[in-house]
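A.B. asks: Below are the chains, spelled out letter by letter.
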Amino acid sequence: MATLIVNQPPVGGFSFDHCKRNAYLLGEANKVGSSLPTARKTGTTICGIVFKDGVILGADTRATEGMVVADKNCSKIHHISSNIYCCGAGTAADTEMTTQIISSNLELHALSTGRVPRVATANRMLKQMLFRYQGHIGAALVLGGVDCNGPHLYSIYPHGSTDKLPYVTMGSGSLAAMAVFEDRYKPDMEEEDAKRLVRDAIAAGIFNDLGSGSNIDLCVITKGNLDYIRPHEEANKKGVRTGDYKYKRGTTGVLSKVVTPLNLEVVEESVLTMDTS
Amino acid sequence: MSRGSSAGFDRHITIFSPEGRLYQVEYAFKAINQGGLTSVAIRGKDCVVAVTQKKVPDKLLDAKTVTHLYKITENIGCVMTGMTADSRSQVQRARYEAANWMYKYGYEIPVDMLCKRMADISQVYTQNAEMRPLGCCMIFVGLDEELGPQLYKCDPAGYYCGFKATAAGVKQTEATSYLEKKVKKKLDWTYQQTIETAISCLATVLSIDFKPSELEVGIITTKGSGFKILSETEIDVHLVALSERE
Numbered sequence: 001m002a003t004l005i006v007n008q009p010p011v012g013g014f015s016f017d018h019c020k021r022n023a024y025l026l027g028e029a030n031k032v033g034s035s036l037p038t039a040r041k042t043g044t045t046i047c048g049i050v051f052k053d054g055v056i057l058g059a060d061t062r063a064t065e066g067m068v069v070a071d072k073n074c075s076k077i078h079h080i081s082s083n084i085y086c087c088g089a090g091t092a093a094d095t096e097m098t099t100q101i102i103s104s105n106l107e108l109h110a111l112s113t114g115r116v117p118r119v120a121t122a123n124r125m126l127k128q129m130l131f132r133y134q135g136h137i138g139a140a141l142v143l144g145g146v147d148c149n150g151p152h153l154y155s156i157y158p159h160g161s162t163d164k165l166p167y168v169t170m171g172s173g174s175l176a177a178m179a180v181f182e183d184r185y186k187p188d189m190e191e192e193d194a195k196r197l198v199r200d201a202i203a204a205g206i207f208n209d210l211g212s213g214s215n216i217d218l219c220v221i222t223k224g225n226l227d228y229i230r231p232h233e234e235a236n237k238k239g240v241r242t243g244d245y246k247y248k249r250g251t252t253g254v255l256s257k258v259v260t261p262l263n264l265e266v267v268e269e270s271v272l273t274m275d276t277s
Numbered sequence: 001m002s003r004g005s006s007a008g009f010d011r012h013i014t015i016f017s018p019e020g021r022l023y024q025v026e027y028a029f030k031a032i033n034q035g036g037l038t039s040v041a042i043r044g045k046d047c048v049v050a051v052t053q054k055k056v057p058d059k060l061l062d063a064k065t066v067t068h069l070y071k072i073t074e075n076i077g078c079v080m081t082g083m084t085a086d087s088r089s090q091v092q093r094a095r096y097e098a099a100n101w102m103y104k105y106g107y108e109i110p111v112d113m114l115c116k117r118m119a120d121i122s123q124v125y126t127q128n129a130e131m132r133p134l135g136c137c138m139i140f141v142g143l144d145e146e147l148g149p150q151l152y153k154c155d156p157a158g159y160y161c162g163f164k165a166t167a168a169g170v171k172q173t174e175a176t177s178y179l180e181k182k183v184k185k186k187l188d189w190t191y192q193q194t195i196e197t198a199i200s201c202l203a204t205v206l207s208i209d210f211k212p213s214e215l216e217v218g219i220i221t222t223k224g225s226g227f228k229i230l231s232e233t234e235i236d237v238h239l240v241a242l243s244e245r246e
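Chains as they are written, first to last, in my numbering: chain P, 1 to 277; chain E, 1 to 246.
There may be inaccurate statements among the hints.
Mimicking DSS-like on lysine-lysine, the simulated pairs with C-alpha atoms at most 30 Å apart in a straight line are [unchecked claim]:
(1) P/Lys164 <-> E/Lys186
(2) P/Lys195 <-> P/Lys72
(3) E/Lys228 <-> E/Lys116
(4) P/Lys52 <-> E/Lys185
(5) E/Lys164 <-> E/Lys55
(6) E/Lys104 <-> E/Lys59
(7) E/Lys116 <-> P/Lys223
(8) P/Lys164 <-> E/Lys104
(9) E/Lys164 <-> E/Lys211
(10) E/Lys211 <-> E/Lys30
(11) P/Lys223 <-> P/Lys237
(12) E/Lys182 <-> E/Lys116
(13) E/Lys223 <-> E/Lys186
(14) P/Lys186 <-> P/Lys52
(15) E/Lys45 <-> E/Lys185
(16) E/Lys45 <-> E/Lys71
(17) E/Lys45 <-> P/Lys223
(18) E/Lys164 <-> E/Lys228
(19) E/Lys64 <-> E/Lys211
(20) E/Lys164 <-> E/Lys184
(21) E/Lys182 <-> E/Lys228
(22) P/Lys223 <-> E/Lys104
(23) P/Lys223 <-> E/Lys223
(24) E/Lys211 <-> E/Lys59
(25) P/Lys127 <-> E/Lys104
(26) P/Lys127 <-> E/Lys116
What the hints contain is simulated information worked out from the structure, not anything from laboratory work.
Extracted from the complex, chain P is given alone in its bound form (with noise of 0.2 Å):
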């Protein structure tokens, strides 16, 4: 049927039907003096430039719950197609499955029409997911790749706004890193200024902010190349323990020593066998 507006199935998203509900229990949890539970945030530092062949993506590899660090090498820069990578910062899980989920879309698409995705298209995507749930998918993304038309460098935020610039940064260290671009970045850098400057605007988030950490994680993407670097470098190596808790035996002194051996008389041995059909 020819009707201008398609039937389309109903999509996912978060059912409010709770939320009346939840406003009043925490209202009474107030009452009492007590407070529901609050979100986890994870810190991190990401980052992206365009130079003149193409485009760097940065990131730190700290995961925190809170106040610990839960993984202290994990991998913030996203494959979603070969020449478009995407960092993700916020809570982790909504980051992988947002670009993962986008990722197989955009490979459909490009099997589809047989060309080479282009990182508009999956800027359109991500924006159009993450604003249908209305900002309850905390994920807030730098997207960058070079297709047809060129590099591009996109940062979206959670609630389905997007930018597109030569230079941006998310995360709880966004602030350090985005004043070392603003101090250094020039239009046209050469590949090696630039990852030079990359690294130092992440580094500038692990050594100031408490939520960005570890190592720093690179990958340059230009015209037909991805060097995807991990570790670019690794910031803060664990240290060598240079102590021993073991002791030598004889440290402590023996005074007297009595073995008294068990002796036990085996009574009755059977073999259950498994039912293992």
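Since chain P is already given, all that's left is putting chain E on it; use the hints.
C.D. replies: Same frame as chain P, but now just chain E:
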């Protein structure tokens, strides 16, 4: 499920006949000729041209509102051959699909993807018993950002293909053989040559000496600003050039 020809419904709805034919789809192809018009489209080196007849049977009709050339996006146009009502419905659907693609994927729909989408929709009609196939043939002309000038055609059966030159309508076979002879000799035409070949193809096949008001020409070139429908004065220029050549 009806048992095919023993129940005799294979001519009434789109189900298979015992020989494996879809009669309704074949009837749809015949319906394209009901309009009595022929269209021709040729792809040149840096342009694509679509030409169709303009028949205004009634003196009371406003000739300005009679057209078979439609703009789908800035860089894609189409010429419709066949039943006018079905054509208009398909054009609306094509415009919707193109706009939806731009919204969902952030870039202009390529010509081949639009043709594939319209062909897939037409294919559904050849399976659904409740809907009949549409009796019109769409020829898309457009400029692809990556691949240059493109010419695609899709028909009521849901088949689509890219072409160097193609025709649709009553005199389709004659026009196609005329174009085959021309394409064999030369493949990369300039803008001038493409238009003149398309117009002369129609003129030869229909044995009509065209006046500017009897033709509709739509073009898209790599130099120009998107799909353009030529005015009568512009068509006249080409007709004059053609007659001077002969």
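A.B. asks: None of the hints should be skipped; say for each whether it holds.
C.D. replies: How the hints compare with the structure:
no., hint, result
1, P/Lys164 <-> E/Lys186, "violated, 46 Å"
2, P/Lys195 <-> P/Lys72, "holds, 22 Å"
3, E/Lys228 <-> E/Lys116, "holds, 23 Å"
4, P/Lys52 <-> E/Lys185, "violated, 45 Å"
5, E/Lys164 <-> E/Lys55, "holds, 26 Å"
6, E/Lys104 <-> E/Lys59, "violated, 45 Å"
7, E/Lys116 <-> P/Lys223, "holds, 29 Å"
8, P/Lys164 <-> E/Lys104, "holds, 17 Å"
9, E/Lys164 <-> E/Lys211, "holds, 27 Å"
10, E/Lys211 <-> E/Lys30, "holds, 28 Å"
11, P/Lys223 <-> P/Lys237, "violated, 33 Å"
12, E/Lys182 <-> E/Lys116, "holds, 28 Å"
13, E/Lys223 <-> E/Lys186, "holds, 22 Å"
14, P/Lys186 <-> P/Lys52, "holds, 10 Å"
15, E/Lys45 <-> E/Lys185, "holds, 14 Å"
16, E/Lys45 <-> E/Lys71, "holds, 21 Å"
17, E/Lys45 <-> P/Lys223, "holds, 27 Å"
18, E/Lys164 <-> E/Lys228, "holds, 20 Å"
19, E/Lys64 <-> E/Lys211, "holds, 16 Å"
20, E/Lys164 <-> E/Lys184, "holds, 11 Å"
21, E/Lys182 <-> E/Lys228, "holds, 25 Å"
22, P/Lys223 <-> E/Lys104, "holds, 25 Å"
23, P/Lys223 <-> E/Lys223, "holds, 27 Å"
24, E/Lys211 <-> E/Lys59, "holds, 16 Å"
25, P/Lys127 <-> E/Lys104, "holds, 10 Å"
26, P/Lys127 <-> E/Lys116, "holds, 26 Å"
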